[in-house]
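There are 2 protein chains.
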Amino acid sequence: MAKVTLKGLAKTLNLSTSTVSKALKDYPDINAETKQKVKELAERLNYTPNSFAVSLRMKESKTIGVIIPTMVHYFFSNVIDGILKEAEKRNYMVILMQSNEDYDLEKKQVDLLLNKGVDGILISLSNKTRDFNHLKKIIESNIPLVLFDKIAKTINCSKVLIDDRKAAYDAVSFLINKGYKRIAHFRGDLNPQNSIDRFLGYKKALLDHNIDFDPSLVYICNNNSDFSDGYENARKLIQDHGNGVDALFTVNDLIAIGALSYFNENKIKVPERIALFGFSNWFMTKITTPSLSSIDQNAFKMGVESTKVLFDEIDSIHKGKKIEFKKIIIDTELIIRNSC
Amino acid sequence: MAKVTLKGLAKTLNLSTSTVSKALKDYPDINAETKQKVKELAERLNYTPNSFAVSLRMKESKTIGVIIPTMVHYFFSNVIDGILKEAEKRNYMVILMQSNEDYDLEKKQVDLLLNKGVDGILISLSNKTRDFNHLKKIIESNIPLVLFDKIAKTINCSKVLIDDRKAAYDAVSFLINKGYKRIAHFRGDLNPQNSIDRFLGYKKALLDHNIDFDPSLVYICNNNSDFSDGYENARKLIQDHGNGVDALFTVNDLIAIGALSYFNENKIKVPERIALFGFSNWFMTKITTPSLSSIDQNAFKMGVESTKVLFDEIDSIHKGKKIEFKKIIIDTELIIRNSC
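Each protein sequence line maps, in turn, to chains A and B.
Position one of the first sequence corresponds to residue 1 (the UniProt record's numbering), numbered consecutively onward.
Position one of the second sequence corresponds to residue 1 (the UniProt record's numbering), numbered consecutively onward.
Derived by calculation from the structure, the hints in this document are not laboratory data.
Yeah, the Cβ is synthetic: ideal placement off N, Cα and C, and Gly gets one too.
Partner residues aside, some chain B positions facing chain A, computed with beta carbon under 8 Å: (1) Met71; (2) Ile95; (3) Met97; (4) Ile257; (5) Ser261.
With beta-carbon atoms standing in for the labels, derived distance ranges: (6) B:Thr5 - A:Asn14: 29 to 37 Å; (7) B:Lys11 - A:Leu114: 37 to 45 Å; (8) B:Thr5 - A:Leu114: 30 to 38 Å.
Isolated chain A (complex conformation) (with noise of 0.2 Å):
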């Protein structure tokens, strides 16, 4: 099939071409009904604009957008802060949007940065995400799409992330090192692709150091973002393990704060009497009584890495170039403190 062009939209619907241009950018010149039409006919044919069309279009955008779960969220302020900072170097603005883990928003929101007609998306998928042609149009749309922290392992773009499994694997071994022996999980939902990797990590370690997995010493929190559930599964694993448990590695530092708080109340001595290792590096586990040993994600760096990347790819539209996909792993680092 020829490729279509703007001059064939405009004779099949026998209006000029520049009218066909101007209703697709949305200039307020151009009647409603006009624009409807366009739109339908080069939705139906799936049309594309040529590269020099692009380009015009690339100089006046500078702007790229990001879709985050949640804005409220130590991890994804820091991300933000590496985007902001970033794109500030290329004089780029970013547009910003929350999907509040709705799949149905994510959705719409990247329907709304396609019509704005922006450079590039990034985006952190929300756990609710099943689904993905929203990202599939995107890349139709030849916009560069960087998917960053969660992302859909099937979608075939470029990927910034990091070893979840080997981090909480790092970690486990850490505390087995120290002599620890009955070590505790707890673990986020069943579904997030990162509550999975690091409940994986967890079992290798243990595994790999000749130490039975005990299905009995994970307990899952379903609200992981939530203080209260490490809490409650602190008070279970105490009342179901008494002192058949010594450390206790958790999906995240708000869970491990929850767990800590348990002990700290119940005078159950952290870490004479049960180690703790969180994940994330949040900013209070420097400032818990005691201080909490966790994993840094660097998310500040992921911010920045994963926007060079998705530049990188703006570049490459920009000048013709065909772009070379990219899977980023941002290192993480053990911080080691008090709590081990």
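Dock chain B against the given chain A, drawing on the hints supplied.
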């Protein structure tokens, strides 16, 4: 002098009005030389588009700009959360920028947003902003401007803020009514208005309750986002006053938690030996040991209300109505926990 019109510009330059209009809007089908000629003349004659043209532009942009001093801050995360959710309701997009407390950057960002043609701008000023010409430029461009939290009193625009003086007054009065008499204050830097107002509220509460104001009980935290300032000043406070102090009110929660950490380490019992009251109701105040009394600033509500006011003004311009500036005081709330 007669009002400069699009027609007038076109006649002077011997161009069509359509070309002039497109040149001003940076349409890609106008060449760079023409654009420059048109823009220079428009600027020289101080041309402002008529309200119909403005309303057309309005229909196109559906974007507001937001400048905050810093991203990695629980208060601002919550404000942004409110802004994004309110904008989402109206299908508006939000361009987010952070000034990093840098006046020059803030000024540049205002220019970027104006060039982008956003429909309105929300700003929380950097601590270093003393000159307000960039704000006047927004107002002269007929773009709605709402200042929130860190405002400039002399600028004629809508403002959304809390009553820092009253909030501090209420907190210190609460301590006095609980029987505390020797109340220290860890204040913020000398310059920012909220640091000044919180100090004045503290002082007024003492005087209104017939307690002498003792300047030796006031300590300055120069870097008021630093936990260690609170820790260090707590050390000095106990060294200087020993048992001559029974309560402490701090300019923010981070300072309070720094102080709490010193007290806990040195077995100075809170609240038995010294009561503690923070400011901001930062997430972690719930989960310190003991939990920390604080003042909730309703950051989310501040974001929502600021955005509502901005949309009202955008609507007014759209309808050709006069904008009436508002000053909205967001309620604060004393949150009493175990530290007093």
